[in-house]
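> Chains as they are written, first to last, in my numbering: chain A, 1 to 378; chain B, 1 to 259; chain C, 1 to 308.
Hints listed in this document are in silico derivations from the structure and should not be mistaken for laboratory results. The model shown is predicted, which means the values in this text are computed figures rather than measured ones. A virtual CB, placed ideally from N, CA and C, is assigned to each residue, including glycine. Check before you lean on any hint, since a few could be wrong.
[What the hints assert, rightly or not] Simulated pairs of lysine-lysine, DSBU-like, Cα-Cα distance not exceeding 35 angstroms:
#  : chain 1 : residue 1 : chain 2 : residue 2
1  : B       : K205      : C       : K100
2  : A       : K14       : B       : K233
3  : B       : K147      : A       : K43
4  : B       : K238      : C       : K57
5  : B       : K52       : A       : K265
6  : B       : K171      : B       : K32
7  : C       : K100      : B       : K248
8  : B       : K199      : A       : K43
9  : B       : K81       : C       : K57
10 : B       : K248      : B       : K32
11 : B       : K68       : A       : K14
12 : C       : K167      : C       : K207
13 : B       : K248      : B       : K52
14 : B       : K108      : B       : K18
15 : C       : K110      : C       : K57
16 : B       : K248      : C       : K202
17 : B       : K171      : B       : K223
18 : B       : K52       : A       : K107
19 : A       : K117      : B       : K199
20 : B       : K171      : A       : K43
[Stated by the list, open to error] Some chain A residues flagged as far from chain C (calculated, every beta-carbon gap over 12 angstroms):
#  : residue
21 : G176
22 : V268
23 : F340
[Said to hold, decoys possible] With beta-carbon atoms standing in for the labels, derived distance ranges:
#  : chain 1 : residue 1 : chain 2 : residue 2 : range
24 : C       : E228      : B       : Q167      : 19 to 25 angstroms
25 : B       : R107      : A       : S266      : 48 to 54 angstroms
26 : C       : K57       : B       : K184      : 56 to 62 angstroms
27 : A       : T130      : B       : D27       : 25 to 31 angstroms
28 : B       : K156      : A       : M201      : 55 to 61 angstroms
29 : B       : K156      : C       : K110      : 33 to 39 angstroms
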Amino acid sequence: MSIYLTEEQELIGKNAQGFAKENLDPIVVELDHTGNYPADVVKKMAEQDFMGLFLPAEFGGAEAGYVSFVEVIENLSRSCPAAASIVVNHSLAVYAIQRWGTAAQKKEYLPSLASGKTLGAFAIFENGPTPGVGPDALMAVKKAEGWVLNGTKTYVRNAGKADVYVVLACSDPAAGAKALTAFIVSSKAAGLTVGEPKETMGLKGCPVADLNFENVMLAETAVLGAVTEGPELVAETLAVAAIAEAAQTVGIGQAAVEHAAAYSKSRVQFGRPIATLQAIQTLLAETATDCHMARLGIRYAAELLDNGEPFQVEAAMVKQFLARLHSKMLLDTVQVEGGFGYSEFMPLPRLFRDIAGTTLLDAPADFPDKTIAAALLA
Amino acid sequence: MPKLLACYKWTLNEQDIKINPADLSLDSSRAKGKISDFDRNAIEEASLIVEKQGGTVDALSYGTPAVKQSLKDALSRGPNKVYWVGDASAENADAFVTANVLAAAIRKIGSYDFIFCGEGSTDMFYQQTGPRLAQLLGLPCISYVEKLEIEGDVLKATRKLGDCLEQVNVKAPAVVSVLSEINKPRIPTLKQVLGAAKKPNEEIKVSDLGLTPAQLSPKAVRKGARGFVMNRKNVIYKESDASANVAKLAASLAAEGLR
Amino acid sequence: MPGIIVFSEDGALAQQLLTPALELKKTLAQPVAAITIDENTAKTLATLGADSVVLLKAEKATPEALAPEIADFCARESAAVVLIGGTQRGKHVAAQIAAKLQAGLTTDAKTLAVAGNTLQCTRILYAGLAICEEELQLPAVATIPARTFLAPAASGSAASIETLEVKPDTRITVDSSTPIGTSGVDITAAHKLVSVGRGFRKKEDLKLAEELAAALDAEISCTRGIAEDEHWLPLERYIGISGQIVKPDLYLATGLSGQVQHMVGCRESKVIVAINNDERAPIFEAADYGIVGDLYQVLPLLTAALKN
Chain A
1 MSIYLTEEQE LIGKNAQGFA KENLDPIVVE LDHTGNYPAD VVKKMAEQDF
51 MGLFLPAEFG GAEAGYVSFV EVIENLSRSC PAAASIVVNH SLAVYAIQRW
101 GTAAQKKEYL PSLASGKTLG AFAIFENGPT PGVGPDALMA VKKAEGWVLN
151 GTKTYVRNAG KADVYVVLAC SDPAAGAKAL TAFIVSSKAA GLTVGEPKET
201 MGLKGCPVAD LNFENVMLAE TAVLGAVTEG PELVAETLAV AAIAEAAQTV
251 GIGQAAVEHA AAYSKSRVQF GRPIATLQAI QTLLAETATD CHMARLGIRY
301 AAELLDNGEP FQVEAAMVKQ FLARLHSKML LDTVQVEGGF GYSEFMPLPR
351 LFRDIAGTTL LDAPADFPDK TIAAALLA
Chain B
1 MPKLLACYKW TLNEQDIKIN PADLSLDSSR AKGKISDFDR NAIEEASLIV
51 EKQGGTVDAL SYGTPAVKQS LKDALSRGPN KVYWVGDASA ENADAFVTAN
101 VLAAAIRKIG SYDFIFCGEG STDMFYQQTG PRLAQLLGLP CISYVEKLEI
151 EGDVLKATRK LGDCLEQVNV KAPAVVSVLS EINKPRIPTL KQVLGAAKKP
201 NEEIKVSDLG LTPAQLSPKA VRKGARGFVM NRKNVIYKES DASANVAKLA
251 ASLAAEGLR
Chain C
1 MPGIIVFSED GALAQQLLTP ALELKKTLAQ PVAAITIDEN TAKTLATLGA
51 DSVVLLKAEK ATPEALAPEI ADFCARESAA VVLIGGTQRG KHVAAQIAAK
101 LQAGLTTDAK TLAVAGNTLQ CTRILYAGLA ICEEELQLPA VATIPARTFL
151 APAASGSAAS IETLEVKPDT RITVDSSTPI GTSGVDITAA HKLVSVGRGF
201 RKKEDLKLAE ELAAALDAEI SCTRGIAEDE HWLPLERYIG ISGQIVKPDL
251 YLATGLSGQV QHMVGCRESK VIVAINNDER APIFEAADYG IVGDLYQVLP
301 LLTAALKN
């Protein structure tokens, strides 16, 4: 592994930063207020090749690799984490289809996902304790014609705007979460409805809603991977999510610490800038260091992915690291800015709400520790 | 189908340069490189023309050996090939040297219909390279261009000369220097960045240019640079009562003889 | 054989250039020739201390027509120093003269002096962040922005005026020339300016600044955004590194934050005053006096106080 980015990766990161400044900075405050899906911006991100970033060229992807992916996600998140969330969640569907799809499935879905013509989403969570358990659980029953799905997936990001859903359903009630099967479902499938958009604490603009399945009929060709491969697919895809969301978290943290640092230089109290005070310097230094260390861990995990090596433990580590630190980063930077930091006309309150979303979701809280411990204790 | 050349400079990002408060010296140790802003406009304009009506665009740059870091950036913005002269002489080069090197390089590479430059570089902003280059190559030069079109072998331009806008025409070959308002450079896509690695770049050594040592020695030598710092009185009235502040300011203005 | 040559197509600027030229004459002990393109300016230059004056007669005073003629003149006269007015035409002409003479050229020189066989200049670098000193071997060329110097006093004698015909450069054809619309006001000549920025919420609110300007006998100027993006004021009123550079006695900045690109245009004003409701705005570091407050409240109060 190289600690340094290649020339291309650096350029890609720099361009993503320029893109974010030009296209995301002007809309981020309004997006947070309205939560209206930024279709124009998603189109522009597709034009930059962000939607098929790591896909092979044969499917219209940029083949830029996962290190470039996290560079782009971090830089987008420094300006607008919600926009980055749209790309991340779309990318999870893209990843799953690319990784477990048949040649026919890849040919059918990947090119239009890569070009941004269609938007993807990944639906895993349910109201019950684990997928496959509880009255709402999404159950898949095998019939002669194919599969029939009934149940509800909750908190599906990109729901309502997505065209292609990768959905995990339980194919054996006796086995519960151990018998998950992945399916590729079109948004137009009969019996599939999207619930009311949910208003979330942060990341507003990235749609979130439930997916309701009522006797949705799917052909055998809709199964993604082997019927019994669901749990593996979930674990690996959520590990990719962990890396991507960690990049979002670091982007938010970096934006926060840079804002707080600039603020501390100009805010004068008792005759000098507060930046000269030790207490302020400590808060800034710790946040900057947390971001820097996390960034290297994220880059390492992404490089393992690029090299086709096992990466799930390292992905769990960055998630765990940031889960411990993300609220500290934002609490500290708000502290630096004092009353201004607490005011809604400043960016920190929004970043605070966004960072809660990027670190906590998409996996049970104990998932990273379990994964890491399992590797240590094996 | 015009044959175009865009010249660019790899500069330090002036926003990364810090001033040492102790002695006002400049610290550029953390400054990253970039293609000078107005040169990006020049490259973009040439690329837009070629996309619209065919033709080719090459890029050319003279800089220190660090100019190698600019090649993929330049190629990702449209040019088919980039020529580069990476030499220590660029460290202290002024516009006299730069124009000599660029002119010699162009004579070596071959002829172009039109050569595009930016109005000036973001670091030094000499605003000389385009007209100097044209003079050395014996070509006409249109400067301060805010809009242009190429029809056959004629370039039609709108130049902004301070007090008037002139519509001018010039037949190939010619040199054009462009203003930042001529276009808004697009951000290269990922595919364009990754495609840059497949495009050719060619190094031209200074020793192959047939220049004399005098031609490579700057005529304008930088003797020293220091940060510009404002030394103002900084008497700021900030009481909660606006009238009180206003009264004090009015008094200050009177004391300065300004009311 | 004049060793010091000044040129500007802009009459006022040509006169201003005589001041540094005459100063350099003291050290170089060489005569000064002043070149311009209109007759009235030529006559004035002849009375301001130039040793000789050249009137260039051109059908169209394009940079491409002027450059070779002036370059040839400088070469013929073995000029030591050539000072050119820093307009766009001037900068183009200066670069081509420098190329022909194989000389160095300092753009936008703020100060000039001769030392031994060199011309010492200072100029700004890095978009206004720094100032640098440049040393040029003679012969040397420099462009000087308008109003860097004041025109000299009349010398009491009148120099000869020579007329030279300028041939056009047939390689470039000029189809049309449209004056850039001006409102007739030259804010660079104003002694006092009230400058407005994005702190004003709508165009109608500029009235507050106009009333203050009236009370101060000042002109109105603005930041780039107000002119280029909002179009609330014409382009020739915007101050900044790519706009107008001004040096009034008073620059009163209202509702503008004071970014570097703007401040480069006004930081040599004699007195800078700032009114802004954000006490952390950079303008306050650049100001002699200021009020932290809401301009909507402060401006009417200040206008009233000044009227008394």
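> That 48 to 54 angstroms hint for R107(B) and S266(A) (C-beta), does it hold up?
52 angstroms, holds
> Test the statement that G176(A) is away from the interface with chain C: the closest C-beta pair must be farther apart than 12 angstroms.
For G176(A), whose nearest Cβ neighbour in chain C is about 57 angstroms away, the distance exceeds 12 angstroms, so it holds.
> Quickly compare the C-alpha distance for K248(B) and K52(B) to 35 angstroms and report which way the hint goes.
62 angstroms, violated
> T130(A) and D27(B), beta-carbon distance inside 25 to 31 angstroms?
56 angstroms, violated
> With the threshold set at 35 angstroms, check whether the alpha-carbon distance from K117(A) to K199(B) stays at or below it.
Judged against 35 angstroms, a Cα distance of about 29 angstroms means the pair holds.
> Does K18(B) lie within 35 angstroms of K108(B) when you go C-alpha to C-alpha?
Since the Cα atoms of K108(B) and K18(B) sit roughly 39 angstroms apart, the hinted pair is violated (cutoff 35 angstroms).
> Would F340(A) pass as off the interface with chain C, using Cβ distances and a cut of 12 angstroms?
9 angstroms, violated
> Can you tell me whether the CB distance of K156(B) to M201(A) sits inside 55 to 61 angstroms?
57 angstroms, holds
> Check the hint pairing K52(B) with K107(A) against an upper bound of 35 angstroms on the C-alpha distance.
32 angstroms, holds
> How does the Cβ-Cβ distance of K57(C) and K184(B) compare with 56 to 62 angstroms: does it lie in that range?
Violated, at about 42 angstroms.
> Below or equal to 35 angstroms on CA atoms is what counts here, so check K14(A) against K233(B).
40 angstroms, violated
> Next pair to validate is K248(B) with K202(C); report whether the Cα-Cα distance is within 35 angstroms.
28 angstroms, holds
Checked against the numbered hints given earlier, the structure breaks hints 2, 4, 5, 6, 7, 9, 10, 12, 13, 14, 17, 20, 22, 23, 26 and 27 and satisfies all the rest.
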